[in-house]
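Asks: These are the residues of each chain, in order.
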Amino acid sequence: MKINGLAIENTFAEAFNMKASRIIVTADNIKWAKNAATSFTGFATSVIACGIEAGIERQLKAKETPDGRPGFAILLFSMSRSQLEKQLETRAGQCILTCPTTALFSGLDGEDMIPLGKNLKYFGDGFQISKRIDKKRFWRIPVMDGEFMCEETTARVPAIGGGNFILLSKNRASCLSACEIAVNVMSEIGNIITPFPGGVVRSGSKVGSKYKALIASTNDAFCPSLSGITGSKLHKSVNCVMEIVINGLTKEDIDKGIRESLIAISKSNYKKDIVSVSAGNYGGKLGPHHFHLRKILK
Amino acid sequence: MKPLVFKCKIKDKRRLDMSWLSKIKTSSLSNIKNLRVNYGSKEYKLSTLFDVSGNNFKDIIISNSNKHLDNIGNNLEDKKITIFGNVGFGLAKGMCSGEIILNGNAGKNACSGMKGGSVHILGNADDGFCSLPTSMNEGLVDGFIYVQKSVGDDSVVRMRRGNIIIGGNIGSGSCLELISGSVVVLGKIGNNFCHNARRGTIFTRDKSICREYIKANQTDLTFFNFYKIKINKILNKSIINSSKPVRYFGTKSGKELIELFVI
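Residue numbers (the numbering used here), protein chains in the order written: chain A, 44 to 341; chain B, 1027 to 1289.
Simulated from the structure, these hints should not be mistaken for lab results.
Every residue, glycine too, gets a C-beta built ideally from N, C-alpha and C.
Fair warning: there could be bad hints in the mix.
Unchecked claim - Some, not all, of what chain B presents toward chain A, calculated at C-beta under 8 angstroms:
no. : residue
1   : Asp1168
2   : Arg1187
3   : Asn1189
4   : Ser1206
5   : Ser1208
6   : Asp1246
7   : Leu1247
8   : Ile1255
9   : Lys1256
10  : Ile1260
Looking at chain B on its own, in the form it has when it is part of the complex:
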């Protein structure tokens, strides 16, 4: 079976809501081509907006995406979407399961309200990454997210569980009200990080935030090596190299049980 490939024909700069992509169910290629999609103020046949080929409806490729395509992978379940090019806002919003690989940059509010699955953004993610979607109380319920470069301001709000690996920097006001989960930031951390957080584990190289945390005894923890091996294996590259991290546990200002590994 060949992946279902979408090649975008749109030349103008109006935005296109791609939520329909996650809802494609097993049917014939002609049915997909005849899908009616709203674009601007009109409804179009999908074949007028995209060249479509292939027959594997669980493996989707967008071969030439651009920043005007919004909500790709919205509420996605059990599908794989590979994207070449940038995307607009709302990538993987409310995603439940499956996999998204983005070879480009993501717009605002990527992975917002995600509940499961894995997202690999091989570029930057704009502001509001893993932010709180309307109608939800948590910005990330579960899932695995890897961002190769940096993420913007106000990212990761009320994260409940899951794993976020950020290869670059994270903007200011991030990890607000962190509930639990693990966040790895290999670059610099912006201001106001982990404000009002309760629990969770942070792995960072940025020592500037350590002064707010209580330095813990440097006991050997099985978890650190386990996590290091697991993450390096999932991403198939060395993300965490340190073998002797400095551990901080709890904040000086309150009773929060945040754990910080300086790697």
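Bound-form chain A, shown alone:
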């Protein structure tokens, strides 16, 4: 199958059930909101070692935020409720509470609530003030630049993590540029994030390793440098492979992300260097969600 000349392999991405939450970080200006958001989402690329996967979902205009200041919506994904709670509180306490002028709000409504500012309030040492408005509780914690305002809880919702596609390219420059196009397109789509640095992964992994201590190791079948040695899945013309991992609140959101980004790549000048588009899976036995590339693009 080809989309505008871009070859799509007959394969699927395999994704997993996760738990997600959304927070909104605001500040006096976008610079400081971004400082807080990037700090919060730092070291949150994979649940394998980071605890959560997090990323900036989109930038928010002043009129879109609860306190009328510019900000960012951040999505967090985790395999377990306890990890999500722990990481959310720790990161909020160290990265947002500490960042000048910021405030923190919930970005999701739901029935399953997890603490956001519920425990951070104790930083106020008894001077914290509670405000309940519109069935939601907010905390005002006095800090040196004025006050840190945060919502008490945010919602936790079911989500999907690990949607992906893999670009197989003749050269690294085109591969990277095509990935950048895809990530830019996905940054405009709500409810999804690409948690890896710049949205792109170059170290795709397989399950297991020859070393017993490791649960994952390099995906040798997709490493161009090993194509003559291992059971490579790569055509001889492929010299660079990069993967984009997508986490989203629903399957439809991830479908949309994959579809629109591949269409954007197919319309770009870099498609001539892309040999084909593949996807990462484990034979379909591990993850309940399968994203068949050709079905999505039909």
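Fit chain B to the supplied structure of chain A, relying on the hints for placement.
Replies: Then chain B, alone, in the frame of chain A:
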């Protein structure tokens, strides 16, 4: 579904306890018409006191209320009541959730002991608004209340949390023993305001009460803009316009942590 509409037929001036209105559960219109209601010293069928029509038991309209109808919305849960005309005492007393919109004036002890939900009084509220009901220790536990005009004396006693927006004046002896919560008063404030209060936030244009409070550093507070946006959005009109309020925090006479924004 059409709202359940009650049209009052009563002409004389005896008072009618409307507590039964909050207890209406989903049933047929004929069952409602046959409800037995005490009026004066006798029991009447509801249909002799009101013309009743409609079938949405969660959306109730009283089309021609008057000041003799008491306890409307008493302990209300998950219903919307829209009232045209004035009401007697005890509007929204002990209300837990739902919404009441009153297009008229409220009698004494409106919203007393309210625990949740929202009440919009598009007129005045008489004395004892949000006052302490018998058997309760707090005058307002939670909820959102908007009074377009003024409220009477001895209003808002031992408010625990919630939000009260008063478009006009507030009478004397109000906000007694305030525990927490937010009160916006756009008009004048009566004597003895916030006596023995502990915490809470007051937004006012009346500078006369400021002398009892300690002027705070004029630091930028996220809360003020947040609250302004929230209240203006809920009421869909500009209630708080100020962008640089003067903030007072604490009283000169004691250790109370009352916060005052002069807007």
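Asks: For every hint, state whether the structure bears it out.
Replies: Hint-by-hint comparison with the structure:
no. : hint    : verdict
1   : Asp1168 : 6 angstroms, holds
2   : Arg1187 : 5 angstroms, holds
3   : Asn1189 : 6 angstroms, holds
4   : Ser1206 : 7 angstroms, holds
5   : Ser1208 : 7 angstroms, holds
6   : Asp1246 : 5 angstroms, holds
7   : Leu1247 : 5 angstroms, holds
8   : Ile1255 : 5 angstroms, holds
9   : Lys1256 : 5 angstroms, holds
10  : Ile1260 : 7 angstroms, holds
The structure meets every hint from the earlier list without exception.
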